[in-house]
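K.L.:
Sequence:
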Amino acid sequence: MMQFSCDEDFLNTTDPTRINRDLFYQNQTQFDQALNGIYGQLQTITNSAYLQQEFISDNTTIDIDIANRGGAVGWEAFEFSTVNQGNGEINTLWVNHYATMYNINFALEKLEKATFDAAAKGVIEGQLKFLRAYHYFNLTRYFGDVVLATKTLANPNEAFDLVRSPQADIYKQIELDLTDAAKVLPATYPANQRGKVTKGAALTLLGKVYLTRKNYTGAVTALKEVTTLGYALNVDYKDNFDPAKKNGPESIFEVQYQGGNDLGEQSNFAYIFAPRLSGAAITGFANTTPQGRNIPTNDMINAYETGDLRKAVSLKTSYTLGSNTISIPYISKFTYPHTITGRTDNNWPVLRYADALLMLAEATNEGGAIDEALTLLNRVRKRAGLPDLTGLSKDALRNAILKERRVELAFENHRWFDLQRVYTPAQLASFMNEHGAREKAKPTVARPGLAFNELDYVYSDFEYLLPIPAPQILINAKLTQNDGYK
293 MMQFSCDEDF
303 LNTTDPTRIN
313 RDLFYQNQTQ
323 FDQALNGIYG
333 QLQTITNSAY
343 LQQEFISDNT
353 TIDIDIANRG
363 GAVGWEAFEF
373 STVNQGNGEI
383 NTLWVNHYAT
393 MYNINFALEK
403 LEKATFDAAA
413 KGVIEGQLKF
423 LRAYHYFNLT
433 RYFGDVVLAT
443 KTLANPNEAF
453 DLVRSPQADI
463 YKQIELDLTD
473 AAKVLPATYP
483 ANQRGKVTKG
493 AALTLLGKVY
503 LTRKNYTGAV
513 TALKEVTTLG
523 YALNVDYKDN
533 FDPAKKNGPE
543 SIFEVQYQGG
553 NDLGEQSNFA
563 YIFAPRLSGA
573 AITGFANTTP
583 QGRNIPTNDM
593 INAYETGDLR
603 KAVSLKTSYT
613 LGSNTISIPY
623 ISKFTYPHTI
633 TGRTDNNWPV
643 LRYADALLML
653 AEATNEGGAI
663 DEALTLLNRV
673 RKRAGLPDLT
683 GLSKDALRNA
693 ILKERRVELA
703 FENHRWFDLQ
713 RVYTPAQLAS
723 FMNEHGAREK
733 AKPTVARPGL
743 AFNELDYVYS
753 DFEYLLPIPA
763 PQILINAKLT
773 QNDGYK
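Using our numbering, the final residue of the sequence shown is 778, and nothing's skipped along the way.
Possibly wrong hints are sitting among the right ones.
[Stated by the list, open to error] Below, in silico cross-link-like pairs of lysine-lysine (DSSO-like), each with a Cα-Cα straight-line distance of 27 Å or less:
hint	residue 1	residue 2
1	Lys734	Lys778
2	Lys491	Lys537
3	Lys695	Lys608
4	Lys413	Lys537
5	Lys674	Lys516
6	Lys405	Lys464
7	Lys695	Lys506
8	Lys516	Lys608
No lab work stands behind these hints, which were simulated from the structure alone.
Using the sequences and the hints, build the whole thing.
P.N.:
Structure below.
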């Protein structure tokens with residue numbers, strides 16, 4: 293749903309208890325405050341992004357509560373491939389992205405008229421354009437053709453004339469925004485501003501866009517520049533997720549969270565991902581109700597090679613409750629001690645240097661430079677304690693890189709988009725149907741007394757994309773539905 297501004301005079305009356313937005317955007321400090329608010333909106337989007345990027349894939353499953361199926365038509369549908377246009381989660385996904393982009397577009401419009409230092413304006417503009425590109429990149433991979441809006445609406449009635457723009461036009465805008473951002477953003481910020489979008493973030497996301505579009509030359513160019521900006525792999529893989537080591541040398545961009553206080557900026561992924569009945573065994577706090585979502589699948593657990601140091605960091609295959617060992621796996625990557633129930637301090641990694649190196653390896657391999665691609669891949673494997681891979685063909689190396697991305701970036705919301713990038717819709721449906729058959733035959737988590745529905749884990753080509761949310765089509769009948777959804 294698009295948001296819009298109104299010009300009625302009575303709405304422009306200054307309320308002494310609130311800051312009028314037209315009076316607010318006057319100086320750099322106020323633009324920085326507005327930008328911080330937009331960064332904060334990333335938390336809302338990231339809190340549930342695992343549904344559409346991990347849960348939907350072969351990486352994770354569910355510790356199902358057979359006595360409470362309240363989520364069956366909502367978040368559970370992403371696990372079992374039963375998402376339809378009435379799913380509330382996809383409507384929330386759509387609304388949250390467009391609500392954030394309204395604020396981005398409004399700030400950009402105000403910035404055009406601002407009179408403070410030009411260089412400072414450029415840095416703010418670059419951050420805003422990166423964030424707009426990031427949201428559109430997500431949206432077009434989720435839904436295909438989407439509404440393209442780079443300006444706020446002058447009249448509310450204009451919202452009813454909006455139509456979906458072709459995916460090619462969406463990507464053109466994304467590439468333009470990221471190219472502009474990379475020109476003006478700094479490589480680093482002072483320590484007290486870490487976490488803001490950098491030149492490296494813009495180039496890394498641009499490389500990912502090019503890779504998705506199969507523009508391998510563009511991807512190599514962008515990602516090679518990233519390698520000159522001072523990033524490095526952490527010696528210890530675990531340091532990427534330790535709240536005490538946020539925004540470290542491997543971090544290119546991460547969503548910022550802050551726990552341990554009452555400011556409302558905390559994360560709580562450990563509670564969402566822990567098995568339902570684990571209580572304090574994993575979170576450290578009694579009388580909590582973990583949600584049992586995003587449970588690592590048997591397939592995911594078996595994807596790790598013997599000796600891979602990342603496995604023990606990323607997941608555990610059981611937990612101890614009293615004197616009992618409960619054989620339900622869980623994600624441990626985001627589980628760290630914290631001081632207040634439900635308020636963890638973990639950031640969410642969006643772009644890491646390891647991701648950039650593996651994307652560069654993929655693009656380089658597709659361009660035919662197999663030895664160079666192997667060298668890049670083996671840099672990531674070495675940190676994981678694994679031997680070098682050698683002598684692979686182009687096709688074998690492509691598969692090896694996809695597998696490496698799976699274990700290196702496990703549970704960081706890359707898997708579905710990686711599968712979507714390398715497989716056609718028909719290939720992805722076949723791949724996921726094979727995974728579903730294995731999960732039905734031997735569920736990762738036992739389902740006592742609850743049989744699978746005949747529609748569970750049945751994938752069709754059209755599910756390569758999500759449906760356009762029904763409420764949005766009800767609001768604007770000019771928004772057409774994706775093929776396959778009724």
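K.L.:
If a hint holds in the structure, say so; if it doesn't, say that too.
P.N.:
Status of each hint after checking the structure:
1. The straight-line distance between the Cα atoms of Lys734 and Lys778 is roughly 32 Å, outside the 27 Å bound, and the hint therefore fails.
2. Taking the CA atoms of Lys491 and Lys537, the gap is about 21 Å. The hint holds against a cut of 27 Å.
3. Note on Lys695 and Lys608: the hinted pairing holds, with a Cα-Cα distance of about 20 Å set against a maximum of 27 Å.
4. Taking the CA atoms of Lys413 and Lys537, the gap is about 30 Å. The hint is violated against a cut of 27 Å.
5. Proposed proximity of Lys674 and Lys516 is supported: the alpha carbons are some 20 Å apart, at most 27 Å.
6. Simply put, Lys405 and Lys464 have alpha-carbon atoms about 25 Å apart, close enough for the 27 Å limit, and the pair holds.
7. Between Lys695 and Lys506 the alpha-carbon distance is near 19 Å, which keeps this suggested pair within the 27 Å criterion.
8. Pair hint Lys516 plus Lys608 does not hold up; C-alpha atoms about 35 Å apart against a cutoff of 27 Å.
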